[in-house]
Amino acid sequence: MALRHRPPLSPPQLPLHCLPFCRIRPSPGILAVAAASRSDSPQDARKLVLEVKERLGKEFPALPVGRNGRDDEDMIYWFLKDRKFVADDAFAKLAKAIKWRQEFEVSKLTEESVEEIARTGKAYVHHHLDVSGRPVLVVVAAKHFPNAQDPIENEKLCVFLIEKALSKLPPGQEQILGIFDLRGFGTANADLKFLTFMFDVFYYYYPKRLSQVLFVDAPFVFKPLWQIAKPLLQSYASLVRFCSADKVRSEYFTEETLPPNFSN
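If you want our numbering, it's the position in the sequence shown, counting the first as 1, plus 2.
Derived from the structure by calculation, the hints contain no laboratory data. Fair warning: this is a prediction, and the values are worked out from it, not measured in the lab. Do not rely on the hints blindly, as some may be mistaken.
[Unchecked claim] Here are the simulated DSS-like pairs of lysine-lysine, each with C-alpha atoms no more than 30 Å apart in a straight line:
#1 K166 to K232
#2 K83 to K55
#3 K110 to K166
#4 K124 to K86
[Claimed, not checked] Quick list of the computed label-pair ranges, beta carbon to beta carbon:
#5 G186 to G68: 19 to 29 Å
#6 K195 to H129: 26 to 36 Å
#7 D248 to K49: 27 to 37 Å
#8 E105 to A150: 47 to 57 Å
All C-beta atoms, glycine included, are put in the ideal place defined by N, C-alpha and C.
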């Protein structure tokens, strides 16, 4: 599968309709409804969803429909909420996300399609939820070797596991927990490009789905990488917590629900 060009991580404060893919004229009707929607009225929100849905159909009729498509009202509402019900921004971000899903062929990712790279054990979705009821995505950094592994396959595995984690969301839960197990991390495992790719994907295509990220037992050699990455991650850096493996065991799981690499 040929990976399309992915836009660089951009500061969240930039108007998303100014990004290259989304040079879209503001819709006065939608903007007017957006102003009204700040009352959080269900009727206003519903009206916004329908207007954005109609606009996507008119301006991007070639985009797919169905689940995660241009007529997916749940997805439209989620992006509206992410953009604080500023409909023009939500519309731009949605169009960008749906086009990316189509080009990346997210719907075609399966266990079989990522089987070879997943066999390394570098990342997985844990079988159990954490104590807060969140699905858990675990990355074992010491098994990631950017110079020896295909970066496209790494990206495919990343997106597949995000989709898998989200499919495990229980009723009432909307976010997942990310754990980077940094024990044994060395310079051969350092990959700033992939780290920013992960947060880029969460910001643009899975907004507000990442509740917290744990960096577990980060060694000294990880600190220079973090100093470079932190400014690039913008507000997502605030989701990161540096902690020990013992904290993971005592605060996030029970003895019966620990991820395999954190079991004593």
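30 Å limit on alpha-carbon distance, applied to hinted pair K166 and K232: holds (27 Å)
CA of K124 to CA of K86, is that 30 Å or under? Measuring from Cα to Cα gives roughly 35 Å; hence the hint is violated.
Using the Cβ atoms, figure out if E105 sits within 47 to 57 Å of A150. Distance hint for E105, A150 is violated at roughly 27 Å.
Keeping to a limit of 30 Å between CA atoms, is the pair of K110 and K166 held or broken? holds (13 Å)
Okay, D248 versus K49 on CB: inside 27 to 37 Å? The hint (27 to 37 Å, Cβ to Cβ) is violated, given that D248 and K49 are roughly 50 Å apart.
So if I understand the rule, the pair passes when the alpha-carbon distance is 30 Å or less; does K83 with K55 pass? Between K83 and K55 the Cα gap is close to 15 Å, so the pair holds against 30 Å.
Range agreement (Cβ of H129 with Cβ of K195, hint 26 to 36 Å): holds (30 Å)
Status of the given 19 to 29 Å range, CB of G68 versus CB of G186: violated (43 Å)
Comparing the model with each numbered hint stated earlier shows that hints 4, 5, 7 and 8 do not hold.
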